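Enquirer: Sequence:
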Amino acid sequence: MKKFNIRKVLDGLKEVSSSTPSVQVGPQENHLIQETLQSEHFQLCKTVRHGFPYQPSAMAFDPVQKILAIGSQSGALRLFGRPGVECYCQHESGAAVIQLQFLINEGALVSALADDSVHLWNLRQKRPAILHSLKFNRERITYCHLPFQSKWLYIGTERGNIHIVNVESFMLSGYVIMWNKAIELSSKAHPGPVVHISDNPIDEGKLIIGFESGIVVLWDLKSKKADYRYTYDEAIHSVAWHHEGKQFICSHSDGTLTIWNIRGQGKPIQTITPHGKQPKDGKKPEPCKPILKVEYKTTRNGDPFIILSGGLSYDTVGRRPCLTVMHGKSTAVLEMDYPIVDFLTLCETPYPNDFQEPYAVVVLLEKDLVVIDLAQNGYPIFENPYPLTIHESPVTCCEYFADCPVDLIPALYSVGSRQKRQGYSKKEWPISGGNWGQGTQSYSEIITTGHADGTVKFWDASAIMLQVLYKLKTAKVFDRNRSKEDKGSADASDEDPFAIQIMAWCPESRMLCVAGVSANVIIYRFSKLEVTTEVLQLLEVRLQYELNDTESPDGGGGGEQTSALTTPGASPQTSGPPSHPSTSSNNSDGGNIPCLKVRSTPLKQSPGYQVDLVVQLVWVSGEPPQQITSLALNSSYGLVVFGNSNGLAVVDYVQKTVVLNLGTVELYGSNDPYQRQPRSPRKTRQPSGGLCDINEGSATSEDRCKSPTSDHRDNSFSRSRSSSVTSIDKEAREAVSSFHFCETFARKGDCALTHCLHVGTSLGTVLALAITLPPAGEQRQLQPVIMTPTGMLVRLKGSILRMAVLDSTGSQLPPAHEPWFEPNVTADGEEREKVRKRRPVSVSPSTSQDLSESQYAVVCSEKQAKVIALPSQVCIYKHSITETSFILRADVVQMSQGVCLACFCANGHIMTLSLPGLRPLMDVNYLPLTDMRIARTFCFTNLGQAMYLCSPTEIQRITYSQDTCENLQEMLGELFTPVETPEAPNRGFFKGLFGGGAQSLDREELFGEITAGKASRSLAQHIPGPGGIEGMKGAASGVVGDLARARIALDERGQKLGELDERTAAMMASADSFSKHAHEMMLKCKDKKWYQF
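Reminder that position 912 of the sequence shown reads as 912 in this note's numbering, one-by-one numbering, no gaps.
What the hints contain is simulated information worked out from the structure, not anything from laboratory work. For clarity, every value in this text was computed on a predicted model and none was experimentally measured. Be aware that a few hints might be false.
What the hints assert, rightly or not - Pair ranges (Cβ atoms, derived):
1. I269 <-> A114: 31 to 39 Å
2. R140 <-> N301: 40 to 48 Å
3. M171 <-> V979: 43 to 51 Å
4. T772 <-> P410: 31 to 39 Å
5. R159 <-> D220: 17 to 25 Å
No residue lacks a Cβ here, since even glycine has one placed at the ideal position from N, Cα and C.
Take the sequences, apply the hints, and build the full model.
Expert: So this is what it looks like as structure tokens:
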């Protein structure tokens, strides 16, 4: 599983020994920190997949186990039980799933794929596996049918033939129903593919076969001939039986339903056009769209239900897709948000020959799953407990937090529970099978997702579950109806102007900061109280790239004296409603207009996240602001910092002022290592080296506000990747790519710790800024925060992705933060200050003088990682992570045994490196190809967890921790639970006497090899699956399984079970408890051999 590149290790060693001339052997010995993390602490595996199955194509339901299966166009299989029990499997071929069939209450599932293969899945293990596969060579599969409690699967093909497969051995029977035998000899034309197969509910020996052309045949299995044929001149889409087996209903391509008596051949007894307008003169109603599926379900005490999808009239242009429920004289048309893929009616009985008693309809849509309550008036929907709304608006960025403060999830849940919609069905969610896993996790996990419509969602991701906690709509801050004359939307076809680009969140203080695609930053505080904000606080910032900038007081030198002031380019606006931003500036160069207009009316803010401050970058001299590429906040300092390809701005959200607004060049002061050309006169120019979306040619406002990219990593794909640090693009654009707040030694040789901000750039430089904060209390509100550039710390190859600081023992020093307090309480000043005390700095100056090297700065770029000893600023470890590719995401993460650097590379490798020594610990080639979505959404978090969006609708979680991999089996839910099959319906004495009862059939005798012979070998090829039949027997209650099979065989031979049935039931009950104990024992002993993958 783990692959180590020995050449890389040797290179790393060589580089360590010769990294910089100043590294002596002496200092290196001081840095021999005992590293606790070893490669055996790491193992990579997928844990769980959440979200709506992407591009679904088929669905099935087990009415006894109460498990739902959904197949997709990419060959994925998702199984859902009770909320929290879900499972993901994948067909290796990746072909679309065209049909699914449960072996009801057997813990198995048959899937048919578009590549003409059929597979049997064993669901009696936590990770389902394929037991058998059958690949058809000469015929295309179009429809499958497995009767309840039968082991013979009917497979209809495009050629119109039906083959029969034994699901236990997965061997083909020699019994074949050929199309030319089924149709009338007189008809010359081919009847088309088989679109339906089902046996008569009360006579298993009679099979109804629907052909696409409109012919339906009732086939007698014993006599091998057609009893009746029913012909209609419109193509058939589906067929459904009445439970008494005397009538069936067909749905057609002209929007009609036809109801037939099985003995009445000529024409249907009734033709219905549910959505057709009935002409007065008795002519046929006008044709409608095809009815793609119909179900016919009976009730004991009332009218039957006829449920159908499609069939709307052609003049309903623009109408949404509908499900129609016909019950007695009433017809309900239920509109859906997306096209219907399939639907299933859930009934009280698994037996087709009993009153069906339907109670719900599961409707699978292209992008949603809806369950309708049939028992309540108005057919309300059930509230969906699965996390299927990840894609409600497309995800543009996400972050993952493990080991959060314990009170955080309850706080978010309590404010989020007020956002719930009303009007759902009062009943319990009907898909309730399976059992939760036994394993528990001691820490809480939260995933945050930012979306294209400006929403931010918080998800509880603890213990491999996922549940939405709270949803924040950031677009409420802005005016939706932007006026035409707004400069920001001059050619505005911006589809997603509110899209979230980057999120910075401090879980301890609950401060949240989001950067939007329209160059805006919003700062939120968390409150449990509702508040109405009369005027939103607004700051406008001009970030422009000027070398010969007349506005900068000292020609762009960026010395210490300017950095303490707000440069004239920033115009803080805190007084008065900011309705006309352009008037606030004395510039008349057609600039100073933000892309979005902040609302000027009062904003009612519910409990939860409430706007504290809005910061907007404005147009400068007719050019739009560049997108924000990096963002960070520190609740202890009360600062938010953001950067783009022009420079960076630091905002003090306590005082609502801009502390610093510098071009990247100004950060260097006089030590700029690059020879930069002065800017030529203004022209509309290319955006920075790939900091906008890949498709963009020029930074017009239309392009710039369009599709969001989560941050600079996104564009790494399109950037010209030169490994030489000094070759820099023509305009010497240097974007700010990352930030890190820390308490460290600001300058070389310092002996006291200070508040610092480390700034990483796209050219691989790390620069430091010292922060001087006013004393806490009243002074913090009045005196300015002073920030001083202290020069360059280190340079690496490639854009800087991640920075961190370790203490002298190699433990991570998290940035300072303050605890959360309720912002809307006007408590006494003193009390408030008690709550808001800053955390004391851990190392006092006196002790730090003894420890001359008391900290380590870790820096990771797209190409390499370095560890620098502080305050000497000597590079003591260096590791070249990748030469040919580049890193998309890097995080310094806390494992239970220590801290490490985790990297995800564009070539699909996931790696971990020890800290501070940068020893390679794990290198796994995980994803062969990464698409833009994965690149944009991949993130690591503490304790060996990581996640990414594997499709537009699904989150894939993985772990790189050996501990989690070992405990995963316990944490996964059980799909199969031993349940007694309900009793078969009692047909009554007279019906049995006069032949009205269910006719049984010895299928074994009919389809077995002795009678039917062997099937043609070239027709299909049998492939044993990795699970094997032994897996089926051993993976779960073998005794119950065998008894069930014996019982089916008896049933099929039509023997009356009577007393034996009761004894079998008692045996099954005792076998149940025995098998549970056996199952637990077996899992303990065999887990490790069995389930590792």
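Enquirer: Run every hint past the structure and note whether it holds.
Expert: Results of checking the hints against the structure:
Between I269 and A114 the beta carbon distance is about 37 Å. The supplied range of 31 to 39 Å therefore holds. Checked against the given bound of 40 to 48 Å, the beta carbons of R140 and N301, roughly 44 Å apart, stay inside it. Restraint check, M171 to V979: a C-beta distance of roughly 29 Å breaks the suggested window 43 to 51 Å. Between T772 and P410 the beta carbon distance is about 38 Å. The supplied range of 31 to 39 Å therefore holds.
Checking the proposed 17 to 25 Å range against R159 and D220 shows it holds: the Cβ atoms sit about 21 Å from each other.
When the structure is compared with the earlier hints, a violation turns up for hint 3 alone.
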